[in-house]
Amino acid sequence: MNGKTDHPDRILSETRNGDSCPFEDRSEPAHGHVSSPADRDNEALASEEQAKLTPGTVVEILKQSNRDFAGGALTVRNNTKRIREAALWQYPKAVILSCIDSRIPVEDVFHRGIGELFVVRIAGNYVNADVLGCLEFACKVSGAKLIVVLGHEHCGAIKSVIDHVQLGHVTAMLSNLQPAVARANETFRGEKNASNPEYVKEVCIRNIQHAVRGIRSGSDILKKMEDKGEIGIVGAIYHMKTGAVTFL
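Position 242, counted from 1, in the sequence shown is what my numbering calls 584; the numbers after and before it change by one each time, with no gaps.
The set of hints was computed from the structure by calculation and includes no laboratory data.
Bear in mind the structure is a predicted one, so any value in this text is a computation, not a measurement.
Yeah, the Cβ is synthetic: ideal placement off N, Cα and C, and Gly gets one too.
Each hint should be verified, as a subset may be incorrect.
[What the hints assert, rightly or not] DSS-like, lysine-lysine: derived pairs with alpha carbons at most 27 angstroms apart:
| hint | residue 1 | residue 2 |
| --- | --- | --- |
| 1 | K501 | K534 |
| 2 | K534 | K570 |
| 3 | K394 | K566 |
| 4 | K565 | K394 |
| 5 | K543 | K405 |
| 6 | K501 | K543 |
| 7 | K405 | K394 |
| 8 | K583 | K501 |
| 9 | K565 | K405 |
| 10 | K570 | K405 |
| 11 | K583 | K405 |
| 12 | K394 | K570 |
| 13 | K405 | K423 |
| 14 | K583 | K534 |
| 15 | K583 | K543 |
| 16 | K405 | K566 |
[What the hints assert, rightly or not] DEER-style ranges, computed between Cβ atoms:
| hint | residue 1 | residue 2 | range |
| --- | --- | --- | --- |
| 17 | E390 | M582 | 31 to 39 angstroms |
| 18 | A471 | E572 | 20 to 28 angstroms |
| 19 | E390 | I425 | 20 to 28 angstroms |
| 20 | E572 | N470 | 19 to 27 angstroms |
| 21 | A471 | D569 | 18 to 26 angstroms |
| 22 | V512 | G398 | 34 to 42 angstroms |
| 23 | R426 | F589 | 30 to 38 angstroms |
| 24 | T422 | G532 | 47 to 55 angstroms |
With the hints as constraints, model all of the structure from the sequences given.
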């Protein structure tokens with residue numbers, strides 16, 4: 343996916359190595375709704391707003407939004423209007439790679455609504471080819487300005503890899519987290535087991551850092567975009583007791 347592309351909510355004709363881009367938008371307006379001049383004006387405005395954003399600006403937006411969430415701020419959203427608009431177009435600010443943990447509703451954590459974030463979820467928030475494809479689509483095709491690898495305290499996947507859990511496909515999945523355990527073991531002083539929350543947190547942070555490095559080394563597309571200042575790639579950790587996110 344090289345070069346400038348049309349937005350995916352139009353028709354994508356980008357080519358790579360002479361092949362047609364596999365992403366072609368086939369969506370239709372919501373049932374009974376016809377795109378109006380007002381809708382098109384709103385889309386143009388949303389597109390312009392996304393284009394003007396910088397990765398640093400998006401980081402600050404997410405930080406403030408999370409402070410609102412952790413502080414108990416209430417937000418009233420017109421979801422009916424957003425559902426209708428999102429059926430026609432989307433211009434998310436960021437893509438979040440998160441764990442699947444049910445206690446971390448990502449959009450709520452960042453106080454964002456429909457169409458504002460891409461969210462990729464996988465146990466242990468690690469990176470593989472499928473995840474990289476999602477991130478490339480979010481940034482190169484859809485214009486997201488920031489990738490956030492979001493880990494969290496008391497992560498069950500992290501505890502499981504520390505405990506050497508053997509269970510069906512879970513075992514193979516956990517192998518992706520082993521590099522973080524090895525890194526943590528090099529520097530951590532204290533009991534190295536899943537009952538020690540400080541050790542679990544250290545492995546979690548190492549895993550986030552490993553994922554950030556994996557994005558840069560695994561995707562030439564995203565690395566080039568970051569080098570040009572088109573996107574940012576950052577890590578962050580969610581604190582379970584407070585709802586606060588710390589960017590690393």
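Given the hint of 20 to 28 angstroms, is the C-beta distance from E390 to I425 inside that range or not? holds (22 angstroms)
Outcome for the supplied range 47 to 55 angstroms, where the beta carbon pair is T422 and G532: Holds, at about 52 angstroms.
Given a hint of 19 to 27 angstroms, does the C-beta separation of E572 and N470 actually sit inside it? holds (23 angstroms)
Pair hint outcome, K543 versus K405 [Cα-Cα no greater than 27 angstroms]: holds (21 angstroms)
Next pair to validate is K394 with K566; report whether the Cα-Cα distance is within 27 angstroms. Judged against 27 angstroms, a Cα distance of about 19 angstroms means the pair holds.
Straight-line Cα separation of K570 and K405 no greater than 27 angstroms? Since the Cα atoms of K570 and K405 sit roughly 23 angstroms apart, the hinted pair holds (cutoff 27 angstroms).
Are K583 and K501 close enough, with their CA atoms no more than 27 angstroms apart? Holds. K583 to K501 sits at ~18 angstroms (cutoff 27 angstroms).
Hinted pair, alpha-carbon criterion (27 angstroms max): K583, K534. Please report holds or violated. holds (22 angstroms)
Taken at face value, is the distance from the CA of K405 to the CA of K583 at most 27 angstroms? Holds, because 17 angstroms separates the two Cα atoms, which is no more than 27 angstroms.
Quickly compare the C-alpha distance for K565 and K394 to 27 angstroms and report which way the hint goes. Between K565 and K394 the Cα gap is close to 20 angstroms, so the pair holds against 27 angstroms.
Could you grab the alpha-carbon distance between K583 and K543 and see if it respects the 27 angstroms cut-off? Judged against 27 angstroms, a Cα distance of about 14 angstroms means the pair holds.
Restraint status (C-alpha distance of K534 to K570 at most 27 angstroms): Since the Cα atoms of K534 and K570 sit roughly 40 angstroms apart, the hinted pair is violated (cutoff 27 angstroms).
Consistency note: the structure conflicts with earlier hint 2 alone.
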